[in-house]
Amino acid sequence: MLERGWFNKMTELLKLVEDLTGLSGPSGSEEKIRSFIRKEAEAYGDELFVDALGNLIVVKRNPDGKKILLAAHMDEIGLMVTFIEENGFLRFSPVGGVNNEILSGTKVIFDNGTAGIIGREKLKEKETAGINRFYIDIGAKSKDEALERVKIGETATFYPSFHHMGPRVTAKSLDNRAGCALLLQVLKNLPASLPNEVYFVFTAQEEVGLRGARTVSYRLNPDYALAVDVTRTGDTPEPEFKMDLALGKGPAIKIKDSSVICHPTVVQRMIRAAERINVPFQLEVLERGGTDAGSIHLSREGVPSGALSIPCRYIHTPGEMVDLNDIEGGFSLLVELLKDKW
Amino acid sequence: MFLKELSERHGVSGDETKVRNFVREKLLEMGIKHFTDSMGNLFALKEGQRKNEDPGLMITAHMDEVGLMVSSVEKSGHLRFYKVGGIDERSLISKPVRIGKEGIPGVIGSKAIHLQKKGEREKALTVDELYIDIGAKNKEEAEKVVKPGDFVSFDTKAEIWGNVFKGKALDNRAGCAALLELLSRKHDCGFTAVFTVQEEIGMRGAKVAAYRVNPRIALVIETTAAADVAEVKEHDTATVLGKGPAFTLKDDSVITHPRLLERLIEVAEEEKRPYQFRRFLGNFTDAGAISQARGGTMTGVISTPCRYLHSSASLINLDDLRNLVEITGGFIRSVAGKGLV
Numbered sequence: 061m062l063e064r065g066w067f068n069k070m071t072e073l074l075k076l077v078e079d080l081t082g083l084s085g086p087s088g089s090e091e092k093i094r095s096f097i098r099k100e101a102e103a104y105g106d107e108l109f110v111d112a113l114g115n116l117i118v119v120k121r122n123p124d125g126k127k128i129l130l131a132a133h134m135d136e137i138g139l140m141v142t143f144i145e146e147n148g149f150l151r152f153s154p155v156g157g158v159n160n161e162i163l164s165g166t167k168v169i170f171d172n173g174t175a176g177i178i179g180r181e182k183l184k185e186k187e188t189a190g191i192n193r194f195y196i197d198i199g200a201k202s203k204d205e206a207l208e209r210v211k212i213g214e215t216a217t218f219y220p221s222f223h224h225m226g227p228r229v230t231a232k233s234l235d236n237r238a239g240c241a242l243l244l245q246v247l248k249n250l251p252a253s254l255p256n257e258v259y260f261v262f263t264a265q266e267e268v269g270l271r272g273a274r275t276v277s278y279r280l281n282p283d284y285a286l287a288v289d290v291t292r293t294g295d296t297p298e299p300e301f302k303m304d305l306a307l308g309k310g311p312a313i314k315i316k317d318s319s320v321i322c323h324p325t326v327v328q329r330m331i332r333a334a335e336r337i338n339v340p341f342q343l344e345v346l347e348r349g350g351t352d353a354g355s356i357h358l359s360r361e362g363v364p365s366g367a368l369s370i371p372c373r374y375i376h377t378p379g380e381m382v383d384l385n386d387i388e389g390g391f392s393l394l395v396e397l398l399k400d401k402w
Numbered sequence: 002m003f004l005k006e007l008s009e010r011h012g013v014s015g016d017e018t019k020v021r022n023f024v025r026e027k028l029l030e031m032g033i034k035h036f037t038d039s040m041g042n043l044f045a046l047k048e049g050q051r052k053n054e055d056p057g058l059m060i061t062a063h064m065d066e067v068g069l070m071v072s073s074v075e076k077s078g079h080l081r082f083y084k085v086g087g088i089d090e091r092s093l094i095s096k097p098v099r100i101g102k103e104g105i106p107g108v109i110g111s112k113a114i115h116l117q118k119k120g121e122r123e124k125a126l127t128v129d130e131l132y133i134d135i136g137a138k139n140k141e142e143a144e145k146v147v148k149p150g151d152f153v154s155f156d157t158k159a160e161i162w163g164n165v166f167k168g169k170a171l172d173n174r175a176g177c178a179a180l181l182e183l184l185s186r187k188h189d190c191g192f193t194a195v196f197t198v199q200e201e202i203g204m205r206g207a208k209v210a211a212y213r214v215n216p217r218i219a220l221v222i223e224t225t226a227a228a229d230v231a232e233v234k235e236h237d238t239a240t241v242l243g244k245g246p247a248f249t250l251k252d253d254s255v256i257t258h259p260r261l262l263e264r265l266i267e268v269a270e271e272e273k274r275p276y277q278f279r280r281f282l283g284n285f286t287d288a289g290a291i292s293q294a295r296g297g298t299m300t301g302v303i304s305t306p307c308r309y310l311h312s313s314a315s316l317i318n319l320d321d322l323r324n325l326v327e328i329t330g331g332f333i334r335s336v337a338g339k340g341l342v
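Same order as they appear, the protein sequences are chains C and X.
Taking our numbering, I'd label the letters of the first sequence as residues 61 to 402.
Taking our numbering, I'd label the letters of the second sequence as residues 2 to 342.
Take the hints with a grain of salt, since some may be wrong.
Said to hold, decoys possible - Straight-line C-alpha distance at most 16 Å; calculated EDC-like pairs for lysine to aspartate or glutamate:
| id | chain 1 | residue 1 | chain 2 | residue 2 |
| --- | --- | --- | --- | --- |
| 1 | X | 234 | C | 146 |
| 2 | C | 309 | C | 295 |
| 3 | X | 138 | X | 75 |
| 4 | C | 211 | X | 267 |
| 5 | C | 401 | C | 283 |
| 6 | C | 211 | X | 75 |
| 7 | C | 248 | C | 396 |
| 8 | C | 203 | X | 235 |
| 9 | X | 234 | C | 181 |
| 10 | X | 234 | C | 396 |
| 11 | C | 248 | C | 72 |
| 12 | X | 5 | X | 267 |
To be verified - Residues of chain X placed beyond 12 Å of chain C at every Cβ, according to the derived structure:
| id | residue |
| --- | --- |
| 13 | 6 |
| 14 | 35 |
| 15 | 41 |
| 16 | 44 |
| 17 | 149 |
| 18 | 239 |
| 19 | 272 |
| 20 | 274 |
| 21 | 282 |
I should point out that these hints are in silico values taken from the structure, not numbers from a laboratory.
Ideal Cβ positions, reconstructed from N, Cα and C, are used throughout, including at glycine.
Isolated chain X (complex conformation):
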């Protein structure tokens, strides 16, 4: 799987070009028909082995990641920024970043601790108190290489630690890697794969993509938070690394279609693959927009559990990702064989 390549590419919501180009390159190598819409969603039309079977299946993974955007350049040459997507701003300080098309390096800084007043030290720094330092002497020098509107992404080298993968943007490059892997395999029925844009800022790409494809069944491949760390009670852990991909029961945007959920469980049980349920029922994914498109779509979500989601370095278990691919492959086979409902 192309996890390392995908993780290290920059693709903050609205600026997914580099990720899309990589995926497109792979689709060309595989000889899969594809096209891109006006928002930047990339559609791949996977043909099945049995040509006459079309259950109306769409499988999606979003390409975008959370990040920042340059809002202004200070006289001092420091860059002020906005958040793009849900980022815990307390995690930003001291992180290395890359800015704009050219990938200008920078680091997120703040007033030195000895200059902070007592009250300031006691609370976490907000975005307003942070800036990006690109080593420029002043505004003029900074403006030669960056400008307001430039996207900013974490600069994190991907690494494999045994069975654990460390990198940025695993939400949802892990999903993209899984979807590419599935596209490279043979399946009984065809399906439309969509690499969507702008999920992190409100399921925007998926909304128009689902309108265009008008699927009957949709499966969203995602990456979801794991909170299996010290001090968290078990029922609050959401998901746990290494216990298999997580099925969504419900979140703030969708209630998984009961027949689709049953089928995922059936496939996992039959193939003796581990799975778990996402125990935190909040937040949203592309499934929200897809299930509500046109006359409605039977929609479900399968996710790789991920620690430190939406931060500069997150962790997933590679077996979880492999099992996600196998269960999704089994789901395609099952839907091709006996449909759904």
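Same shape as in the complex, but just chain C:
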């Protein structure tokens, strides 16, 4: 299925993924991601605006067509500083689903470039560590020195860790910069006129409860919606969840997760689009986890919704992993889907 220009597109995609995962954008503080995407997207939409919660909306107008909302969340999980000890250590609370097990020794970074390492207090035998047993060490010797670099309420994210290994890529925040990159590429490569009106929405605050998507779908009131996000895989030794999804076998068309049962019309359209252009795909049934489609499909009187997922290993760790071919496949699938009159 190698087509002309494939190599260029892959290089472009790889660069986008590297740039996007190099930035920090914890839930509620997505400024850096938003302004990066804004710059990339500006030339391609008919209209572009930001709403009260920080969602970025790029509109491809067609007043005669159905309104389709495509959502990829910009935010990533993070650690918000709640308290600074006299000796300069920072206490924090999670923003989104942070797994305590992987925190010790992890390198993190704040918005202003301050880096730190996470440490943990000594535990009693068989004690499991609550988040209040951890701290961030930014190398400050005192509270005053720490306060010069970090304020209470600031949120750290994992330190950028992009690495390219053949068609596979590992980095922090591939959840969901991979989805952002995919959606941006779709926006840039669409024909000038489309049979539908399409809203490309880069949403805020997904990781803390699908919040940006909820308000933006109320505002835009779409006829159909599609979330673009990552999903778990079952292709590692003794995986946490038994599921028939693997890296490199194509993008996944979501059937259900714990936030949404995808609308059959949307699922069928996605499958037909993939089949028309011979893009391999997988079907996703996710036991636990949700995505923006969860809040969108319940907006107003209900919105038929689906989701395109990029298989991703080690989600919510500093070393998430995806296969670029899956993103590329998802890209082709979405472009085909949008050429179709809904």
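For chain C, the structure is supplied; the task is to place chain X on it using the hints.
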């Protein structure tokens, strides 16, 4: 401020009438236009001094408190009950309560300690092992004055201990008192004040109130837990009494809008008022529902720190409440002057 009157009124989630009536009375005295919606939220439309400035501001405080509800009457005349809202059931035993519209007095009891088996003594009593005793001889006598569905509220006299205020339901009657105080003052811009219902059982009143008002900016006045007591490490104290009102950075329901948080800090710094950050980032307030209403609202929370929240007797520092009022007043002035964002 009407803190004593508000604290002593009973208003468990879903049964806020007595609190609402009190607030309404005060609004009438102040001559402020107001109305109530089908759920019981009370809306007050405060006019500003400068009529043409409308930043789309809504300020809310919930009227409801946590409490209990009678579930059944035993043959013995004792009442079984459910919890309404988040109450630590270990704190219930021996507390005096008031039941239903008439305020029938009762006390929460349990099997006497000498009748408890060894295992029972070692663990805290749960709601299933407690009952309310209203002094009735039997079911028939009890049913003359109470019935399943009656709301039950703690019966606690409010007291002022120097600069500390002791009472029940300070979450969130302290907020209601602050909001009433703000309504009694002159402001540059107008705003919609909402005294909401059913916050403690899931931000329910605020959800429909925010849909109706459709504000651009919302500030929620709340009361939040202080854990500044012996044996708690400083980073686990959440908030501390006497160090000023607490700004919420984030909780389980909302991430404070960064511009709104910056503005609160700016106002407090300019006016040299003490403030602190809520260091525990869990739980929820009306801000969760409001920020998610319609197309989204820039929302923040300012709270009075409170020890022993959700129990029969809690404590706040009155200076914290006064500073909350001043900072909120400054916030209104600032938003009227230069908007937000």
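Taking the hints in turn, this is what the structure says about them:
{"no.": "1", "hint": "X:234 to C:146", "result": "12 Å, holds"}
{"no.": "2", "hint": "C:309 to C:295", "result": "11 Å, holds"}
{"no.": "3", "hint": "X:138 to X:75", "result": "11 Å, holds"}
{"no.": "4", "hint": "C:211 to X:267", "result": "14 Å, holds"}
{"no.": "5", "hint": "C:401 to C:283", "result": "13 Å, holds"}
{"no.": "6", "hint": "C:211 to X:75", "result": "56 Å, violated"}
{"no.": "7", "hint": "C:248 to C:396", "result": "14 Å, holds"}
{"no.": "8", "hint": "C:203 to X:235", "result": "14 Å, holds"}
{"no.": "9", "hint": "X:234 to C:181", "result": "13 Å, holds"}
{"no.": "10", "hint": "X:234 to C:396", "result": "58 Å, violated"}
{"no.": "11", "hint": "C:248 to C:72", "result": "11 Å, holds"}
{"no.": "12", "hint": "X:5 to X:267", "result": "31 Å, violated"}
{"no.": "13", "hint": "6", "result": "35 Å, holds"}
{"no.": "14", "hint": "35", "result": "27 Å, holds"}
{"no.": "15", "hint": "41", "result": "25 Å, holds"}
{"no.": "16", "hint": "44", "result": "21 Å, holds"}
{"no.": "17", "hint": "149", "result": "34 Å, holds"}
{"no.": "18", "hint": "239", "result": "9 Å, violated"}
{"no.": "19", "hint": "272", "result": "20 Å, holds"}
{"no.": "20", "hint": "274", "result": "17 Å, holds"}
{"no.": "21", "hint": "282", "result": "4 Å, violated"}
Consistency with the previously given hints fails for numbers 6, 10, 12, 18 and 21, ordered from lowest to highest.
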